[in-house]
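**Q** Use these hints to put chain Y onto chain H, whose structure you have.
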Amino acid sequence: QKEVEQNSGPLSVPEGAIASLNCTYSDRGSQSFFWYRQYSGKSPELIMSIYSNGDKEDGRFTAQLNKASQYVSLLIRDSQPSDSATYLCAVNTGFQKLVFGTGTRLLVSP
Amino acid sequence: KAGVTQTPRYLIKTRGQQVTLSCSPISGHRSVSWYQQTPGQGLQFLFEYFSETQRNKGNFPGRFSGRQFSNSRSEMNVSTLELGDSALYLCASSSLQSRGGLGTGELFFGEGSRLTVL
Numbered sequence: 011q012k013e014v015e016q017n018s019g020p021l022s023v024p025e026g027a028i029a030s031l032n033c034t035y036s037d038r039g040s041q042s043f044f045w046y047r048q049y050s051g052k053s054p055e056l057i058m059s060i061y062s063n064g065d066k067e068d069g070r071f072t073a074q075l076n077k078a079s080q081y082v083s084l085l086i087r088d089s090q091p092s093d094s095a096t097y098l099c100a101v102n103t104g105f106q107k108l109v110f111g112t113g114t115r116l117l118v119s120p
Numbered sequence: 096k097a098g099v100t101q102t103p104r105y106l107i108k109t110r111g112q113q114v115t116l117s118c119s120p121i122s123g124h125r126s127v128s129w130y131q132q133t134p135g136q137g138l139q140f141l142f143e144y145f146s147e148t149q150r151n152k153g154n155f156p157g158r159f160s161g162r163q164f165s166n167s168r169s170e171m172n173v174s175t176l177e178l179g180d181s182a183l184y185l186c187a188s189s190s191l192q193s194r195g196g197l198g199t200g201e202l203f204f205g206e207g208s209r210l211t212v213l
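Residue numbers (this note's numbering), protein chains in the order written: chain H, 11 to 120; chain Y, 96 to 213.
Relax, there's no trap hidden among the hints.
Below, in silico cross-link-like pairs of lysine-lysine (BS3-like), each with a Cα-Cα straight-line distance of 30 Å or less:
(1) H:Lys66 / H:Lys77
(2) Y:Lys108 / H:Lys52
(3) H:Lys77 / Y:Lys152
(4) Y:Lys108 / Y:Lys152
(5) H:Lys66 / H:Lys52
(6) H:Lys52 / Y:Lys152
No lab work stands behind these hints: they were computed from the structure.
In isolation and in its complexed conformation, chain H is listed as follows (with noise of 0.2 Å):
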């Protein structure tokens, strides 16, 4: 089992609506999450951290945190062709070593 699982998509949706981008982490002790996004070519950005359970929300995007059910999620409404990247999800589990999921793909659609 991966220590850190996404979808890899592509996940499509029509501009203007709601993304949502799941992962689940396999270390029960965690307690640092964090959503980076990279475009094509690029390198990685960090857009959310999440450190307790329930939401967190930043403009238009909002992380939520489950870690009973060890599930963290990104939202981002009113979706722009501009946020089409590949979203990836981390863990810290320590001294700034993050275990990156896999990351999905997000096409937003003009």
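**A** Below, chain Y alone, put in the same frame as chain H:
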């Protein structure tokens, strides 16, 4: 504020050679991490340095090594290159040294060094 700078951006080597990659973190960031990204394996952690000390290491052979200097700049070295070492090598820096001792995980990545081994 300048971002994370990695050099060289692209390089081609042959099997058996060695390579050294350099990384300059964001000013004030003292933690530097290295990751390997390949289409098949995704992003994999190599090692992390803080104040010139390696605090964590991923599951890579000893051919992969690194170091950090007193100015927080870091280098990684791969010796006896193999075809499978072809990848994008990403350096990331972080400003906060700990969150309950674990580090924040909030990383700022450089553009990467793309290594091709022939």
